[in-house]
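In order, the protein sequence lines correspond to chains A and B.
Take the first sequence: its letters are residues 422 to 901, numbered as in this note's numbering.
Take the second sequence: its letters are residues 20 to 432, numbered as in this note's numbering.
No lab work stands behind these hints, which were simulated from the structure alone.
Remember, predicted model here, so these are calculated numbers, not experimental data.
In this text, a Cβ means the ideal position worked out from N, Cα and C, and glycines have one as well.
Cross-link-like lysine to aspartate or glutamate pairs, in silico, EDC-like; alpha carbons within 20 Å at most:
(1) A:Lys766 with B:Glu62
(2) A:Lys845 with B:Glu307
(3) B:Lys104 with B:Glu419
(4) A:Lys845 with B:Glu364
(5) A:Lys567 with A:Glu625
(6) B:Lys339 with A:Glu849
(7) A:Lys775 with B:Glu353
(8) A:Lys801 with B:Glu321
(9) A:Lys493 with B:Glu62
(10) B:Lys339 with A:Asp848
(11) B:Lys124 with B:Glu193
(12) B:Lys371 with A:Glu840
(13) A:Lys819 with B:Glu307
(14) A:Lys800 with A:Glu838
(15) A:Lys485 with B:Glu62
(16) A:Lys491 with B:Asp63
To list a few chain B residues with every Cβ distance to chain A over 10 Å, as calculated:
(17) Ser37
(18) Gln71
(19) Asn76
(20) Thr94
(21) Gln133
(22) Glu139
(23) Ile155
(24) Leu314
(25) Leu402
(26) Asp422
(27) Ile428
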Amino acid sequence: MDAREKEIEKLKDYKYGFSTDIENTRAPKGLNEEVIKFISNIKKEPQWMLDWRLKAFERLKQLKEPNWQKPKYPKIDYQDLYYYSAPKSMDDKPKSLDELDPKLLETYNKLGIPLQEQARLNGIAVDAVFDSVSVATTFKGELNKKGIIFCSMSEAIREHPELVKKYLGSVIPLSDHYFATLNSAVFTDGSFVYIPEGVRCPMELSTYFRINATETGQFERTLIIADKGSYVSYLEGCTAPMRDENQLHAANVELVALDDAEIKYSTVQNWYPGDKDGKGGIYNFVTKRGLCKGKNSKISWTQVETGSAITWKYPSCILMGDNSVGEFYSIAITNNHQKADTGTKMIHLGKNTKSKIISKGISAGFADNTYRGLVDIAKKADNARNFTQCDSLLMGNKCGAHTVPYIKNKNSSSNIEHEATTSKISDEQLFYCNQRGLNQEEAVSLIVNGFCKEVLQQLPMEFAVEAQKLVGISLEGSVG
Amino acid sequence: MEQLKVDFNKVIESLKLSEKSINSRKENLNQFVENGFPNKRVEDWKFSDLNQIISSNIENLRFHTDFEISEIDETTFIDKFAHNKIIFLNGVISKVDFSSEDDTKVLITRDLNQNENSKEVNSLVSLNNALITSYIRVTVKENYSMNEPLIIYNITTKELKSTAINLKTDIVLEKNSSLKLIDLFDDSSENNFINIVQNFDIAQDAILKNYKIDHKKNSNIKYSYNNINLEKNSISENFIFSTGSKFIKNEINCNLNDEYSSAFINGIINLTNSQHHEIKTNINHLAENTKSYQLIKSVLNENAKGIYQGKIYVDSKAQKTNGYQLSKALLLSENTEFDGKPELEIYADDVKCSHGATSGNLDEDAIFYLMSRGLSNQQSKELLIKGFLLDAVEKITDIEIKDLIKNMIGITE
Numbered sequence: 422m423d424a425r426e427k428e429i430e431k432l433k434d435y436k437y438g439f440s441t442d443i444e445n446t447r448a449p450k451g452l453n454e455e456v457i458k459f460i461s462n463i464k465k466e467p468q469w470m471l472d473w474r475l476k477a478f479e480r481l482k483q484l485k486e487p488n489w490q491k492p493k494y495p496k497i498d499y500q501d502l503y504y505y506s507a508p509k510s511m512d513d514k515p516k517s518l519d520e521l522d523p524k525l526l527e528t529y530n531k532l533g534i535p536l537q538e539q540a541r542l543n544g545i546a547v548d549a550v551f552d553s554v555s556v557a558t559t560f561k562g563e564l565n566k567k568g569i570i571f572c573s574m575s576e577a578i579r580e581h582p583e584l585v586k587k588y589l590g591s592v593i594p595l596s597d598h599y600f601a602t603l604n605s606a607v608f609t610d611g612s613f614v615y616i617p618e619g620v621r622c623p624m625e626l627s628t629y630f631r632i633n634a635t636e637t638g639q640f641e642r643t644l645i646i647a648d649k650g651s652y653v654s655y656l657e658g659c660t661a662p663m664r665d666e667n668q669l670h671a672a673n674v675e676l677v678a679l680d681d682a683e684i685k686y687s688t689v690q691n692w693y694p695g696d697k698d699g700k701g702g703i704y705n706f707v708t709k710r711g712l713c714k715g716k717n718s719k720i721s722w723t724q725v726e727t728g729s730a731i732t733w734k735y736p737s738c739i740l741m742g743d744n745s746v747g748e749f750y751s752i753a754i755t756n757n758h759q760k761a762d763t764g765t766k767m768i769h770l771g772k773n774t775k776s777k778i779i780s781k782g783i784s785a786g787f788a789d790n791t792y793r794g795l796v797d798i799a800k801k802a803d804n805a806r807n808f809t810q811c812d813s814l815l816m817g818n819k820c821g822a823h824t825v826p827y828i829k830n831k832n833s834s835s836n837i838e839h840e841a842t843t844s845k846i847s848d849e850q851l852f853y854c855n856q857r858g859l860n861q862e863e864a865v866s867l868i869v870n871g872f873c874k875e876v877l878q879q880l881p882m883e884f885a886v887e888a889q890k891l892v893g894i895s896l897e898g899s900v901g
Numbered sequence: 020m021e022q023l024k025v026d027f028n029k030v031i032e033s034l035k036l037s038e039k040s041i042n043s044r045k046e047n048l049n050q051f052v053e054n055g056f057p058n059k060r061v062e063d064w065k066f067s068d069l070n071q072i073i074s075s076n077i078e079n080l081r082f083h084t085d086f087e088i089s090e091i092d093e094t095t096f097i098d099k100f101a102h103n104k105i106i107f108l109n110g111v112i113s114k115v116d117f118s119s120e121d122d123t124k125v126l127i128t129r130d131l132n133q134n135e136n137s138k139e140v141n142s143l144v145s146l147n148n149a150l151i152t153s154y155i156r157v158t159v160k161e162n163y164s165m166n167e168p169l170i171i172y173n174i175t176t177k178e179l180k181s182t183a184i185n186l187k188t189d190i191v192l193e194k195n196s197s198l199k200l201i202d203l204f205d206d207s208s209e210n211n212f213i214n215i216v217q218n219f220d221i222a223q224d225a226i227l228k229n230y231k232i233d234h235k236k237n238s239n240i241k242y243s244y245n246n247i248n249l250e251k252n253s254i255s256e257n258f259i260f261s262t263g264s265k266f267i268k269n270e271i272n273c274n275l276n277d278e279y280s281s282a283f284i285n286g287i288i289n290l291t292n293s294q295h296h297e298i299k300t301n302i303n304h305l306a307e308n309t310k311s312y313q314l315i316k317s318v319l320n321e322n323a324k325g326i327y328q329g330k331i332y333v334d335s336k337a338q339k340t341n342g343y344q345l346s347k348a349l350l351l352s353e354n355t356e357f358d359g360k361p362e363l364e365i366y367a368d369d370v371k372c373s374h375g376a377t378s379g380n381l382d383e384d385a386i387f388y389l390m391s392r393g394l395s396n397q398q399s400k401e402l403l404i405k406g407f408l409l410d411a412v413e414k415i416t417d418i419e420i421k422d423l424i425k426n427m428i429g430i431t432e
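With these hints in hand, go ahead and build the complete structure from the sequences.
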């Protein structure tokens, strides 16, 4: 096999493994005040934003990297990373889609998100983040009519400083923990969404993240605010090209739901997981947190995690408003040498708050999959209610599946239920499917999809189909 | 810590120890000094900050006692059935009575130099290794079943104050032997720290039934660490009745080392006032076809706090494991708290493992039903609580001991 064929062979495993030759503007390597000033300057940020970043950086110096997680990783040299990388052609920002670098658009077409077509046909507004910079936001006009703000974070800092000032860091404080603080100091872009009072967002909003350049970390920051009585459904997808070294992705996502508002946040994460021997891949250390600030508000997280060498995230809900609802639906699939330590935190502060956690973990190959979650019922959270179900599926005896729930209950009128099971695909199930004419792979895919169904149902239609396929692809060759 | 070093020297002087033993005690002492009493930054102690509990309840903790031992009050002894006795009085063995057993079949050792140090799993076990003043090992020989149960009385008297005492027992069950063991706490003392380490080695086909009863209200702070090793086809049954002390943490580490061994850990936590009790279990399935079962029921009143941390570990060799874990808690007053961490760590695929945890108040519908049958609100609640606890008590396989514990929670047949 010559080199070219090998390359093609490799690409078969991870179809998003291409990289695009686009000239990049980069910040100098390393993490210091100069780099932060560089980022802030290049993004033409106001002084308050720079001060905020520097404050985070000061705080970061005192923080230590956490080390309690199950998947261990080699020490990251934070001075050996680029903290800013942007496609060069962005220097003169295009006014509309037609002015975009055609090569960029081609990349997005390969990813399956043809921006232009999507804008016209699908009715999904897409904000694509390429490396660290938001490239294009489609469908803007339509959203503007309703008063919805959907733009890149940098634009929001310039155009809507009052909203950003008010809400940025209100859910994930500046000094929260190491990676969140790192993000606060060096975040480059991300999406900003504001849904005004009483508006039901007419379409699904969507962001696509892609890490293209080498040795870059991606630190995006997303902030979604749903004002009183509004509704929004937000989708997020991620991919990265194949590289031998590990790349860091430390994003912060903050959601704020005011009275009677509802936010639905769905993620399909398919970062490059590394090759079969565990070389390369993305470290996905993300902080996601939602605040149900108002009465009767609701935040629902749905995630399908199939990629990344290490996934380490706990999308959480702080249920502050009375009668607020938090939901978490998750599928985490790990194969080969992938590792996942993921789950959620449900913090009940208000009265009559409800939360529901459904987590499905699937482990194959040499992978390790951990569900770690917290249900915390505070003293004043009368009649709080939680239901948690974590199921794990193991394929082979070289992988691991773990469940580490923390349950804290300080209120006697509350009710918590937790259950977890671990099992494998039984020979009877396989036999039955084989007997009906399905081959081994199809049978496994069918059974696994059935196992995940409760979560897949929560995804918006377009995503559900994609996710279903991903579930099948991720496990190819793991049983046989 | 100064007091600790002074007392440590006193302990060493008062005992006739070999050079080797003294050195190993020193090492253990250093380990404790380095880590101190565990605080909530230590993952296993997340919900119970022992360092803080000790410093807020005990002033000037001492680690050595030298007063005269008073007479034992035998009226508090169990009189429902005949039994063998080991009596610890304020941390010192004051009586050992195995008169109804064949003395060639049950061997007793009290020589401190024969004590092997326990594995230093945490700073409290190190402290125990460094400071124990009396030691007992009971060996039950092959094919021998004890005629009567053994009760280890742990008695403390009023004279004991602000002192840390360290107890240790080793139980060895040889092939096909069996033992019923009750650890009974009887405290009249106040504000002491009692640190107990017990090791159990259970050989092939042997059966251990161990019941821990801490039912007399007292203000002591206790930590009990049980390490259980199970060989082929052996059984260990544990029951923890946890209701007496101000603070107690019962930790059980159980290794299922060979095929067809099984472990059962059941328990009830029943608390009032500002009591704070924890049960922590660690079940390690290390061989094929092993089984474990846990059921913990907690009832919390007033300002009480209950904790259950349970972990099931399944090694990649341990196919066909069957592991089960259930914790249920009733929070009956607005200031109670229940924390749980039921954990699974699984590396084998052909296993059946599940756990469940619930916490909440009594079912209003059930109360309504009972009241509609003529019971008062209070009676209905009491009935439901007893029924709730009885679930776990019914798991006890020894009828005499089951009745004893039923009586203690106020259930009479």
